[in-house]
Amino acid sequence: MPQQDSTVELLTGKDSVGKKSKIPARLDLLQSATGLILSFFIIFHIVFESSILFGKAAMYRLTKIFEGEPFIEGGEPLIISALAFGIFVIFIFHALLAMRKFPSSYKEYQRYRTQSKMLKHSDTNLWFIQITTGFVMMFLGSIHLYTMMTQPENIGPYASSDRIYSDIAWPMYLILLISVVLHTGVGVYRLIIKWGWFDGSNPRANRIRSKKIIQAVVVVYLVLGLLSLGTYMKIGYDHQEEYGNRYSEVHK
Amino acid sequence: MIDQENQEVSNEEEFRKIEITVFRYNPQNSNTKPEYQTYTLEETPGMTLYIALIKIWSTMDHNISFDFVCRAGICGSCSMVVNGKPRLACKTRTSEFEDGKITLLPLPTFKHIKDLSVDTGNWMNAMSKKVESWIHAKEETDITAIEKPVEPDVAQAVFELDRCIECGICLAACSTKIMKEDFVGAVGLNRTARFAIDPHDERSDEDFYELIGDDNGVFGCMSLMGCEDHCPKDLPLQTKIAYMRRKMVKM
Ligand code: HEM
Ligand code: SF4
Ligand code: FES
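If you read the sequences in order, they're chains E and A. Residue 218 in this note's numbering sits at position 53 of the first sequence, with consecutive numbering throughout. Residue 31 in this note's numbering sits at position 51 of the second sequence, with consecutive numbering throughout.
Just so you know, these hints were derived from the structure itself, not from any lab. On a predicted model such as this, the values are computed, not experimentally measured, just so you know. The beta carbon of each residue, even a glycine, is placed where N, CA and C say it ideally should be. Incorrect hints may have been included.
[As the list claims (entries may be wrong)] Straight line, CA to CA, 27 angstroms or less: simulated BS3-like cross-link-like pairs of lysine-lysine:
1. E:Lys285 to A:Lys230
2. E:Lys272 to A:Lys13
3. A:Lys118 to A:Lys213
4. A:Lys91 to A:Lys13
5. E:Lys184 to A:Lys227
6. A:Lys65 to E:Lys266
7. A:Lys(-3) to A:Lys65
8. E:Lys185 to A:Lys213
9. A:Lys227 to A:Lys213
10. A:Lys160 to E:Lys184
11. A:Lys118 to A:Lys128
12. E:Lys285 to A:Lys128
13. A:Lys230 to E:Lys272
14. A:Lys81 to A:Lys160
15. E:Lys185 to A:Lys227
16. E:Lys285 to A:Lys65
17. A:Lys110 to A:Lys81
18. E:Lys282 to A:Lys160
19. A:Lys81 to A:Lys227
20. A:Lys71 to A:Lys(-3)
21. E:Lys376 to A:Lys81
22. A:Lys110 to E:Lys285
23. A:Lys160 to A:Lys227
24. A:Lys81 to A:Lys(-3)
25. E:Lys266 to A:Lys227
26. A:Lys110 to A:Lys13
[Stated by the list, open to error] Just the calculated beta-carbon pair ranges, DEER-fashion:
27. A:Phe139 to E:Ser171: 41 to 47 angstroms
28. A:Glu161 to E:Arg191: 21 to 27 angstroms
29. E:Ser171 to A:Glu161: 32 to 38 angstroms
30. A:Glu182 to E:Thr177: 23 to 29 angstroms
Based on the provided sequences and hints, a complete structural model is requested.
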């Protein structure tokens, strides 16, 4: 019998030597680990994407660096594809793990919502933000990542702006931006509490401190993200007559 | 002196009226429907919800049910939901509520007995068995001999966690517990932490994993901190749950 151990677990809830499965421990750690990797990714991603605030040339140079231009003549967009694919895998895995926590029936949802509305407790309310933004990202994040995987060559000051303005991707990016920043902020705060990273000698004071710092960072990232999105919109608007033309360093 | 003064003021009817709305329901009686009943009474100095409820019971409605034993925040029987927050009624002053309107509900997640009375005892008992809330030692203790010494700060840390009064407030404030009935909650996880740090207890992390290493145990906790922020004994639930989680995840 090849699946003997899982059969024993099916029938007894324990393995063949009477021990509990270690899988829940692995899943809990992986949920946090995938969340942490994605958070690091987002923290850098939004900064890089804001290079447009320093002008088209800056954004173009950065894109080329990501395409490996210092080493590969002309850059290789497939590098972006590969990166997007890697993130997509982690993203799907994270969503799969985190979905386990969603209220999964009317009864659970009813009880959870009613109690949290009654309780008016800020960390409990943050979790509602986390599950709603997580749910939103399952769809919008997938669209975005799929686009990056399949059209990595269409990243650049004009290409991106055309997508955002003329291809009307901006509503999606706007919602995705707000979702990802809030979700990452709440998620990182949760990680700090969950694993006791910055407990120090006064965990209660440090919890308040962590929360304040994260709130400030979330505001900075929202402003940064919105300003860049606005900048892409503006460029896209000015560029709509020449839709499809690519930026080149010669005619800057 | 002050009492006398207050007495005088009271005679002149200068105390404000407060309105206490109570969830009334008797699940045993199929003729009753869940309803809210409002009682208006005069607030006296230093009035707690315990005093207010006793006043309602003794002067207005002898049929209302609620639980109290110690009236001093040490038995954990008087927990109820006060304007949305689970709290100890005997430690809650009515003067805290500026508009004088207080709504009382029985603690959710526990078996409802009647009105404000719930059965926390049987749940706590089952939890204690589930997490094997007693010292596990191979060696039989010789009670005629002097106890083995314990480092004072270790003893202090154990006593600190032993202050739990099993009021159930951490469970009523927990979104996980509200959704997943079998979750042991902060009270259960705190209990395992208490034995995990006690040198008298010989259980290994592996042994504890068998008790709380699943989604009804430590991995069910989503770190929403309802427990930490509502525990009337200010137990360090945030750090103790994280402590058990770090141990269990290494298994
Ligand atoms: C498909 C999209 C996503 C969904 C459905 C989702 C859902 C969730 C949920 C429900 C939680 C809470 C888990 C819990 O309460 O234990 C969570 C945690 C977290 N998420 Fe996401 N998420 C998604 C994408 C992301 C992304 C893109 C990032 C980072 C940029 C991220 C970072 C985090 C972090 C750091 C945590 C905390 C991990 C933990 O509690 O162990 N998530 N996610
Ligand atoms: S941990 Fe705190 S809130 Fe929970 S039962 Fe014990 S005393 Fe009550
Ligand atoms: S009556 Fe004992 S804690 Fe309130």
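**OP:** Any hints from earlier that this structure breaks? Give me their numbers in increasing order, please.
**Re:** 1, 3, 8, 12, 13, 14, 17, 19, 21, 22, 26 and 29
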